[in-house]
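What follows is each chain in one-letter form.
Number of protein chains: 2
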Amino acid sequence: MILKLREYGIADPEEIYQYKKCVHPDRPEPLDLHLGMFLPTLLNQATPEQMDRFFMPAWNLEIIGTYAQTEMGHGTHLRGLETTATYDPATQEFVMNSPTVSSIKWWPGGLGKTSNHAIVLAQLYSLGNCHGLHAFIVPIRDMNTHIPLPGIVVGDIGPKFGFHEVDNGYLKLENVRIPRENMLMKYSKVEPDGTYLKPPSAKLTYGTMVFIRSMIVGESAQALAKSCTIAIRYSAVRHQSEIRPGEPEPQILDYQAQQYKLFPLLATAYAFKFVGQYMKDTYHRITEDINQGDFSEMPELHALSAGLKAFTTWETNSAIEVCRMSCGGHGYSRSSALPDIYVDFTPTCTYEGENTVMMLQTARYLVKSYRQAKAGQQLNGIVSYLNEAQSRGVQPQPVAARPTVVDINDLTRLVEVYKLRAAILVELAAKSIQQELQRRKSNEDAWNNSAIDLVRASDAHCHYVVVKLFTDKLREIDDTAIHSVLSTLALLYALYGITKNSGDFLQAGLLSVPQVMQIAVRIKELLSLLRRNAVALVDAFDIHDKRLNSVLGRYDGNVYEKMFEWARRSPLNATEVHESFHKYLKPLRSKL
Amino acid sequence: MILKLREYGIADPEEIYQYKKCVHPDRPEPLDLHLGMFLPTLLNQATPEQMDRFFMPAWNLEIIGTYAQTEMGHGTHLRGLETTATYDPATQEFVMNSPTVSSIKWWPGGLGKTSNHAIVLAQLYSLGNCHGLHAFIVPIRDMNTHIPLPGIVVGDIGPKFGFHEVDNGYLKLENVRIPRENMLMKYSKVEPDGTYLKPPSAKLTYGTMVFIRSMIVGESAQALAKSCTIAIRYSAVRHQSEIRPGEPEPQILDYQAQQYKLFPLLATAYAFKFVGQYMKDTYHRITEDINQGDFSEMPELHALSAGLKAFTTWETNSAIEVCRMSCGGHGYSRSSALPDIYVDFTPTCTYEGENTVMMLQTARYLVKSYRQAKAGQQLNGIVSYLNEAQSRGVQPQPVAARPTVVDINDLTRLVEVYKLRAAILVELAAKSIQQELQRRKSNEDAWNNSAIDLVRASDAHCHYVVVKLFTDKLREIDDTAIHSVLSTLALLYALYGITKNSGDFLQAGLLSVPQVMQIAVRIKELLSLLRRNAVALVDAFDIHDKRLNSVLGRYDGNVYEKMFEWARRSPLNATEVHESFHKYLKPLRSKL
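If you read the protein sequences in the order shown, they are chains A and B.
Sequential numbering of the first sequence, starting at 1, is according to full-length UniProt numbering.
Sequential numbering of the second sequence, starting at 1, is according to full-length UniProt numbering.
Check the hints yourself; a few may be wrong.
A pair counts as met if it fits within one copy or between any two copies, since identical chains are not told apart.
Stated by the list, open to error - The calculated lysine-lysine pairs, modelled on DSS-like cross-linking and capped at a C-alpha distance of 25 Å, are:
1) 273 with 591
2) 473 with 374
3) 431 with 368
4) 189 with 374
5) 20 with 441
6) 280 with 441
7) 500 with 524
8) 591 with 172
9) 500 with 473
10) 4 with 562
11) 189 with 4
12) 198 with 431
Derived from the structure by calculation, the hints contain no laboratory data.
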């Protein structure tokens, strides 16, 4: 791949990312962080002088780099990182240290065995003052012999759930000296005498984080699309049990229970596709604004990307496993590809911001917005519903008290209902904080004692956004046949979400008991409507067999014969009689 | 282990199982099916003559056997199995065949490389008639050379999600002839002339299935107890973020969001422990009855073991992953043990009866009981509530219509509420079937078109049983301190279940909106009450470090240093410079 990149002259990090996505899709690799973090960080944060020193050698793989941020004892909460970089004006060097066991850098991909350099995030100390986290280029292995340099303790962190191909590593720094010029100094600086110069704006590093979280929303959609493709195609191939005695075993996709497992997930996959596109577009639009000095939408984008990252990865995470188990025993075989999809995907719930922390960040924005609305301020953007809610005096109340005239087939009305649910739950969370404060709790304790409500509010907000974006998307579709089937999917998504959270809607008086029961009946109708289009709807994701890499999910449906072929190639079948017979079983017999 | 079994004279299959549980706990092995299925099946279904021929050789590992039931195209629905055993009176042999690709035996543990015999389940044909499934002892490999015998195509089915140590295998039979005496003939028989003699009772094989499902309930409890032990101990060790600025990072177990993830699971682990004990006791009690010719409680036990197997494995399956993710990134390392617990546990949702099928079997019993109650029959046992419901005319209704005087702290009243919920959902499912029938649907289609309601009814029934058994258990506890903390856990279990399914309770008018809100507040209080006992409550599961095998879950809490030690022993760290540097990276450089 590296050689081909040269041949085609592909040098831009985003183009490298796209190229890798074409030739090695969905495959974690030891050089991922070199290409995806080390080079881009140089481009963003290195001075021209540093670019000269590091970029071309890195481009030619003389320097192989990784990005070392997370420590054994510190993840999402960056301020807690312990690694130190202390400036020594006498030698004009930084002295890098891992002062405790918990400060050992832990998890960076490619760090264990592959990299000879790392961009290390460390607390910068100069002239006795701590200036917070900064990035330093630290050589860790000899560029010729690849042997670790003095003061460097580096290695692989051991077997994991997945990512077997990646040498996630540890790095312990013991008085490692690097030249002053190895601090990435495009923005903040340490002068030779130790004087520290602040970066012009703290918001500059904000963007990458938001970008990656936005991308993860799209990755959720893709992982879910793959899983649905496999499970739905296989459910059309697999025959099991009997509906009518004596008749042939039906396709398992004809069972209502199977449809109820898979079709809501199919609808979710489509929903997340559209949300992913929206996040990407929004990111680019707001980045444009930021480049022109307009930071006004940044907080909203930050809150949205955090919440939707958590919402979509959590949903997808459980959905992949539902898909796997819906394939029965064969889902457990790696020939299904589903175990690999799961172990590769599940870290997204944790990395780039642990999901619960992300939900709480979004909640912080929602509560802040709610308070602004309450103070009479006019909100813009996606939280503007908090204004309306304010003026309508929305709050939980018995069902009977609120007139419920919702047509359960009208998506626009359902979006409205989701919106009101979000508004009510944001209000509930804000009130919980208020009550805690009235009990003389500190702000921080009040916040912590309302965490359940806050996460719930964020979740409802994200759910509303997803239903809304799916509904909005329908307006862009001209083809009536496509519009029709996507409307059915969107309706299923919205109604399924209501049944799964019916307590919220009943509690708030947004829907009546007869409506909730009507929705359950309607969902059954939608499942049977979708049955005939289900396989076509996953085919439309257009995931090539090679990329899907699943015997169960093959486009041609020739599952059983190919599964037999796949099994025969199992490593254990390399010899007809396995060595364990001669080594263990036979000798054991003679002792019995 | 085998040698020690001899030394101690352990021969009874149940004793073997217990011994293995002591020395190799929770470790799947290639000989598991030999010890756990092949030997016991001989004991149960072999004639004295067959015992002479097979048991001692199997006991001495001359014969290594497995149990081959599942086929590539057929799992839970046993009648669909395609393998044939056709009796040939001329030679007094059975001719065994795998007539299609989908009939290839698939998944049996130890079949791929370890076993030289298999008990094969096949459709018996004699004198032109099919007599259904029977068990046959089929030699598959030469006992000396271990080379597959003529007509036998056998091998490993390839890499899986877990169970890496077990050679799950395939077996294709091509006109394999075995002597008539290799059919297990303790109950049914084929005479030399081909005459088939039926078994005296079809219920005789019923017991094993029920036994295994009952045992799985206990395994759910154990897997969940292990996961909670790891996650809760680690949450007391891990410090993260800040509640109050400037103060040290608190233990993550002090975060309400973390408590809300873990404490309901801790309560569930205790609940499942008690349910597991109950199932074991009930199994033994009813087996006694059966041995004395009383089969009256068998259907209830069958329905209960099916439903609770599904209910507890599904709950535990997602709970293990919640525990893993609650440990942040380190949960993803195999040093946490959580990935291994998950991949070893998750097949229980599929094997011994796929969970959705299990739920539908329980539902069949519930609907049948409901109809009996409606016809005025007096029901006994755990479904007797369907009588009461019948006489009270319980059905879904608006909240306001039903007087709600439930004290949310009174477990007895909460059991009642769960019971009414189950009754209402069983009635809903029965009515859905009725409505389908009125629309001139066949019985089978009516059943399939009500599958969602049926699964939901079973789930509510099982949930009721679990809440009830937990509450019943409290009465047996004399120690007031233990009674107090277990009551708190039981209350948390019951209230958490209500908030997660609040729609059901509101919809049925069993609880009012203010009560549901009050429950949310009460849950927060219970979490903070349980905080100080949480670590003691997992310590009480008394799982030895050796068995837990988790760096994160160590009893002494010395996580970080031990994690560093564990990592340093990673296979990739065997050499300081990995061969990939010399083989790939260095040569590549020279080409750039």
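Do the hints match the structure? See the list:
With identical chains, the CA atoms of residue 273 and residue 591 are never at most 25 Å apart, being 62 Å at best within one copy and 40 Å at best between copies. Neither within a single protomer nor between protomers do residue 473 and residue 374 lie at most 25 Å apart by alpha-carbon distance, with minima of 31 Å and 50 Å respectively. For a Cα distance limit of 25 Å, the shortest separation of residue 431 from residue 368 inside one copy, 12 Å, qualifies, whereas the shortest one across copies, 48 Å, does not. Proximity of residue 189 and residue 374 under a CA criterion of 25 Å is satisfied in neither setting, with 43 Å inside one chain copy and 82 Å between copies.
For the identical chains of this complex, residue 20 and residue 441 are neighbours neither inside a copy (52 Å) nor across copies (54 Å), given an alpha-carbon limit of 25 Å. In this assembly of identical chains, residue 280 and residue 441 lie within 25 Å of each other by CA distance neither inside one copy nor across copies; the values are 41 Å within and 48 Å between. Taking the shortest alpha-carbon separations for residue 500 and residue 524, both the intra-copy value of 14 Å and the inter-copy value of 22 Å come in at or below 25 Å. Neither within a single protomer nor between protomers do residue 591 and residue 172 lie at most 25 Å apart by alpha-carbon distance, with minima of 50 Å and 32 Å respectively.
Taking the shortest alpha-carbon separations for residue 500 and residue 473, only the intra-copy value of 23 Å comes in at or below 25 Å, while the best inter-copy value is 31 Å. In this assembly of identical chains, the alpha carbons of residue 4 and residue 562 never lie at most 25 Å apart, being 32 Å within a copy and 43 Å across copies at closest. In the homo-oligomer, the alpha carbons of residue 189 and residue 4 never lie at most 25 Å apart, since the shortest distance is 37 Å inside one protomer and 69 Å across protomers. In this homomeric assembly, residue 198 and residue 431 never come within 25 Å of each other (Cα to Cα): the closest approach is 39 Å inside a single copy and 71 Å across copies.
Of the numbered hints stated above, those contradicted by the structure are hints 1, 2, 4, 5, 6, 8, 10, 11 and 12, listed in ascending order.
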